[in-house]
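Student: Next come the chains, spelled out residue by residue.
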Amino acid sequence: MQRRLKITIVESDPARAALIEESLLRAGPYDLNIVSDMTRLTAAIKSINPDIVLIDLDNPSRDALEELTLATAPLDRPVALFVDQSDANLTRIAIEAGVSAYVVDGLRADRLKPIIDAAVARFDMFRQMRTELAATKRALEERKVIDRAKGILMKAKGIDEEAAYALLRRAAMDQGRKVIDVAEALVSTAGLLS
Amino acid sequence: MTTVIPVGFVPLIDAAPLIVAVEMGFDRAEGLTLDLRRANAWSALRDMVSFGQVTAAQMLSPMPVATALGLGGAGAPLAAVAVLSTNGEVVCVSMAMQQRLHAQGYDFDFDDAHAAGRALIAAADGPLRIAVPFPFSMHAELLYHWMTALGLPAPANLDIRTVPPSLMAAALASGEIDACCVGEPWGSMAVEQGVGALLLPGSAIWAGAPEKVLGVRADLAERDLEPVQALIRALWRAGQWLGDPQSRTTACAMLSGRGYLDVPSEVIDRALSGHLTITSRGDTRVVPQFVDFGRYTPQAEHAAWIAGRLAARLGLNRDTAQRAAIATYRTDLHRRAVQTIPGYVPQPIPHDRSFDGQEFSTAPLD
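Going down the list, the protein sequences come from chains A and B. So this note's numbering is basically just the index in the first sequence, starting at one, shifted up by 36. So this note's numbering is basically just the index in the second sequence, starting at one, shifted up by 36.
Bear in mind the hints are in silico, worked out from the structure with no lab data behind them. Beta carbons: idealized from backbone N, C-alpha and C, even for Gly. Errors might be hidden in some of the hints.
Restraint ranges, calculated between C-beta atoms of paired labels, are given here [unchecked claim]:
id, chain 1, residue 1, chain 2, residue 2, range
1, B, 280, A, 51, 48 to 54 angstroms
2, A, 51, B, 386, 51 to 57 angstroms
3, A, 61, B, 351, 36 to 42 angstroms
4, A, 64, B, 367, 28 to 34 angstroms
5, B, 367, A, 141, 34 to 40 angstroms
6, B, 384, A, 69, 55 to 61 angstroms
7, A, 175, B, 392, 52 to 58 angstroms
8, B, 230, A, 167, 33 to 39 angstroms
9, A, 180, B, 350, 51 to 57 angstroms
10, A, 69, B, 106, 25 to 31 angstroms
All chains should be built: construct the whole structure from the sequences, respecting the hints.
Tutor: Laid out in structure tokens, this is it:
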């Protein structure tokens, strides 16, 4: 029987961490633990001594993990960013999905594949959710600014909402700018005058 | 028709050439459209370049060298094809350390690296704990050089550790570190948040130290010359534009944008003007050459120096390391690109010395 692999998930959002945990447990029996406190990251990982560390590709704390790629003491187990030499695509797919895997020296690629596959599926989902959320948030913010700009115009010129929006659109077209940019300029200028 | 090139950057003032190239249209003048992608981690940028998610990226000057020495990362070899910025770092101390330095009678002249370093060493309470943003960074190299030149042995009495810039303020406030060395605007932001005071600009330790480079995959530098050369030319124009003092206000406004640094333009202006606010009480100091965007040519001496230092610290063969490092700084390719710019005049290469009189040099190599 092979020893169970010990996997550490670095993730400060508990909901995301739970989802990654769940999909890894479906992929096989692993010893899982989660590190959520980024300020003690390297110390935590050194004491857990995992075989694999999974972390969001663009997590700023990855840069601190890079220290672990240097074995500074004789008993240290240096880790490396996982790159499968026999199947170069696996790492590329992982990076596209936004997950990076740090692996201890000498771990065989075939033991890793199901883990990376499971993590990739999760991170792909996170990425889609994040893109959608960002787009929705931006649209909402823009609507708020445009609504405020309309309100300012309605009050200042005694016009209705439709006329206020038409005014904003015309100004944007004349200046070759977006409606949101004109609205933003108006709101911040009005802030100075009030 | 323009070629779209995805390029990665980290929100720092030295991403300025990339941001300015887009905002001023220097990219389109070279037949390119830069698609800038903001990243939060240097390792993410390195991997995105290695695995082809971006064509090029802003990198810390030791990153291509470290990759060539097999330190960190695991992807393709990297090449530095331009120097995006020179200096622009600050050493920032915690409030507790600032008080100890004050109590010692240190006057925070923000200029003399000998005096600042000796004061810092004297004020240390146990090993000096200093954070840098990445293990392979000019920040780390400047600190090791500065402290060891003043007689502080590393690693016995000097603990240089990696803390992401977004967590630096918290680390200073909690007392986990005594100081940090970071790129602007992070130092000024720590002052703004009342958790730190600026001790020294990086230029006082080694004026002329290359801070950020433009990194591409080494095989791309060989294979796909034209877009890379056009990118080198576009960023040269951006650097020239940034060198004109009249551009400063506009540049600060561009950099402060929500999609870029997302910090007040007034804070960015401190670094670009060299008028830094060093304490939360509002004390200011002027640094004539705080950051420079005009020293654009990658230099073999710099790569060799970085490799020599990494090799000595990590127990690698020095000659092999330096040869591998020099091959990553593609001065040849860089020259071919800039020479085709009408009116381009090569800058004379200044001989910069560190605060203790050392030279960047390839020493045992010919």
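Student: Is 55 to 61 angstroms right for how far apart the beta carbons of residue 384(B) and residue 69(A) are?
Tutor: Once the Cβ atoms are compared, 57 angstroms apart, the range 55 to 61 angstroms for residue 69(A) and residue 384(B) holds.
Student: Between residue 280(B) and residue 51(A), does the beta-carbon spacing fit 48 to 54 angstroms?
Tutor: holds, 49 angstroms
Student: Between residue 69(A) and residue 106(B), does the C-beta distance stay in 25 to 31 angstroms?
Tutor: Cβ of residue 69(A) to Cβ of residue 106(B): about 29 angstroms, so the range 25 to 31 angstroms holds.
Student: Return holds or violated for the Cβ distance of residue 51(A) and residue 386(B) against the range 51 to 57 angstroms.
Tutor: holds, 54 angstroms
Student: With respect to the beta-carbon atoms only, verify the hint that residue 180(A) and residue 350(B) lie 51 to 57 angstroms apart.
Tutor: holds, 53 angstroms
Student: Given a hint of 52 to 58 angstroms, does the C-beta separation of residue 175(A) and residue 392(B) actually sit inside it?
Tutor: For residue 392(B) against residue 175(A), whose Cβ atoms are near 56 angstroms apart, the range 52 to 58 angstroms holds.
Student: Hint says 34 to 40 angstroms; check whether the CB-CB distance for residue 367(B) and residue 141(A) agrees.
Tutor: holds, 35 angstroms
Student: Holds or violated: 28 to 34 angstroms for the Cβ distance of residue 64(A) and residue 367(B)?
Tutor: Because 50 angstroms falls outside the window, the suggested range is violated.
Student: Determine whether the Cβ-Cβ distance between residue 230(B) and residue 167(A) falls within the hinted range of 33 to 39 angstroms.
Tutor: holds, 36 angstroms
Student: Do the Cβ positions of residue 61(A) and residue 351(B) conform to the proposed distance bound of 36 to 42 angstroms?
Tutor: holds, 41 angstroms
Violated hints amount to a single one, hint 4; each of the other numbered hints is respected by the structure.
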